[in-house]
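Each chain, letter by letter, is given below.
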Amino acid sequence: MSTDTAFFSVDRVSHAYEDGTAVLRAIDWSIPAGAFHCLVGRSGCGKTTLLKLVAGLVQATEGGVRIEGQAIQGPSPKVGFVFQAPALLEWLSVIDNVLLPISLHRRVQVADRGTAAELLELVGIADLAKRHPGQLSGGQQSRAALARALVTSPPALLMDEPFAALDAITREELQDDLLRLVALRRTTVLFVTHDIAEAVYLGDRVAVMDQGKIALTTSIDLAKPRACDCRYDPHFTAHCQKIRAAMTLHTVELD
Amino acid sequence: MRKRLPSLALLLALLAGWEAVVRLAGVSALVIPAPSAVFAVLWSGLVTPGFLWQHIWVTGAETLLGFALGCSIGFVCGLVLGEVEPLRRLLWPYVLATQVVPKLALGPIFIIWFGFGMTSTVVITALICFFPLLENTMTGLQAATPEKRDLFRMLGARQWQTLLRLKIPSGLPVIMAGVRIAIVLALVGAVVGEFIGGSEGLGASIIAAQGMMDSTLMFALFIAIAAMGLLFYQLTLIIERWLLRGWLKGTIT
Chain S
1 MSTDTAFFSV
11 DRVSHAYEDG
21 TAVLRAIDWS
31 IPAGAFHCLV
41 GRSGCGKTTL
51 LKLVAGLVQA
61 TEGGVRIEGQ
71 AIQGPSPKVG
81 FVFQAPALLE
91 WLSVIDNVLL
101 PISLHRRVQV
111 ADRGTAAELL
121 ELVGIADLAK
131 RHPGQLSGGQ
141 QSRAALARAL
151 VTSPPALLMD
161 EPFAALDAIT
171 REELQDDLLR
181 LVALRRTTVL
191 FVTHDIAEAV
201 YLGDRVAVMD
211 QGKIALTTSI
221 DLAKPRACDC
231 RYDPHFTAHC
241 QKIRAAMTLH
251 TVELD
Chain G
1001 MRKRLPSLAL
1011 LLALLAGWEA
1021 VVRLAGVSAL
1031 VIPAPSAVFA
1041 VLWSGLVTPG
1051 FLWQHIWVTG
1061 AETLLGFALG
1071 CSIGFVCGLV
1081 LGEVEPLRRL
1091 LWPYVLATQV
1101 VPKLALGPIF
1111 IIWFGFGMTS
1121 TVVITALICF
1131 FPLLENTMTG
1141 LQAATPEKRD
1151 LFRMLGARQW
1161 QTLLRLKIPS
1171 GLPVIMAGVR
1181 IAIVLALVGA
1191 VVGEFIGGSE
1201 GLGASIIAAQ
1211 GMMDSTLMFA
1221 LFIAIAAMGL
1231 LFYQLTLIIE
1241 RWLLRGWLKG
1251 TIT
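Chains as they are written, first to last, in the numbering used here: chain S, 1 to 255; chain G, 1001 to 1253.
Only chain S is shown next, with the shape it has when bound in the complex:
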């Protein structure tokens, strides 16, 4: 893999908890600018830790992460993060939540309000701008969290199972909206999920993580932009089976 055009480069990253339990073992990975990579794995396989390492929220025990060639020291303003829970501030209206990344650093201007309103339009909750998070459904909250991550137009997004708590139909809608938004802005995405079908549907490339190692990486050669019916394509199913097999490999060996 060439690292010249990579947005994120993960170089031989290992990580262990304070008690010495290894979580990640010598991970190498690079994500080209504008690519959409997915990372699948069971719970507890270390995928969230890897994501937090790339975000700069956790310091690697060994190895390091570079963003556009620069070694990271901590969270970078070039990277937006979408959490598993929407993590909206209950005491602020939706629009003020979306504007939070801006209002933490400078006075919010009229143009910023315009940007935020446009984003809410794009994620389909423009009419809820004045509401409070408690008045929103789970899907609407996830949309607001997505808009918040995009308001500063970061070149990259890190997403930690952002749609895991949603029902199937809402999740599919949000997946399509996400693909549309990041294609529009040419955003680099690293998307962590435990849902194989979600990974295949969203990703240009999918990596499988198992016991702190990358067990498999595979390119997904389905047509872009994705359409809903591609989920029922035999190709799609073939990809899913291949990934499923990589996830269960070690248990098969044990049997």
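Quick caveat, the hints were computed from the structure, so don't treat them as lab data.
Backbone N, C-alpha and C define an ideal beta-carbon position, used for all residues, glycine too.
Hints are all accurate, no fakes.
Straight-line distance between alpha carbons at most 30 Å, and here's what the computed DSS-like set of lysine-lysine pairs gives:
1. G/LYS1148 to S/LYS52
2. S/LYS78 to G/LYS1148
3. S/LYS213 to G/LYS1148
4. S/LYS78 to S/LYS213
5. S/LYS130 to G/LYS1249
Rough simulated footprint, nothing fancy, chain S against chain G, three-plus residues with beta-carbon under 8 Å:
6. 1147-1153
7. 1157-1168
8. 1240-1249
Cβ-Cβ distance ranges computed for the label pairs, FRET-style:
9. S/ARG25 to G/THR1145: 28 to 38 Å
10. S/PRO234 to G/ARG1153: 39 to 49 Å
11. S/THR218 to G/TRP1092: 49 to 59 Å
12. S/ALA71 to G/THR1098: 41 to 51 Å
Let chain S serve as the given structure and place chain G on it in line with the hints.
Just chain G now, kept in the frame of chain S:
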């Protein structure tokens, strides 16, 4: 209003029963005064000649001063201890130890330090209000979820921004619960503080009434204190609702 009607009816029934028992059984006014007598005293205290107002004013001022002082100091100390981990580890055992000391027992020493009168009472009241705020502020600061803390780190927020814009707002419901506890305790502190070292105020008046064996006046004073407590508590609720209006919007639709 319709829902409160039964409670109101119960109160009237109880008062009527009380009046009847006192009159029919001929209970001495020294032991239990009749409600009618108590209201007569209350009337003369509040309307003509209105001798109670001065005491209400004194006790109210002591309560609110002590409350404001104790709450602000408790809040600020809670912020400092909540944010500065080494300081918390150093001071926490002492905070716990002092919390166990019955604050009212310190009244006599405060009288030696600050003299009889308002200052001693305000200090006792402030001391009583200090602890609920200290503890609830420290607890409240931990209320923000790890994801929200990570969010603020991701957004490059400084420590004071995280405190002001995440931790304090997240903890506000818990902090306000402390304020509600404090306002009730404040009135207790002021009244008992006056028992010990006051010459004016509702608490001091109870002691004076005891000296005159005037049970009727004592009952009238109880009612005045209870009414004052209810008023302060309601005011706190209004302030709380105003401060938490953002959260409440999420629950009422």
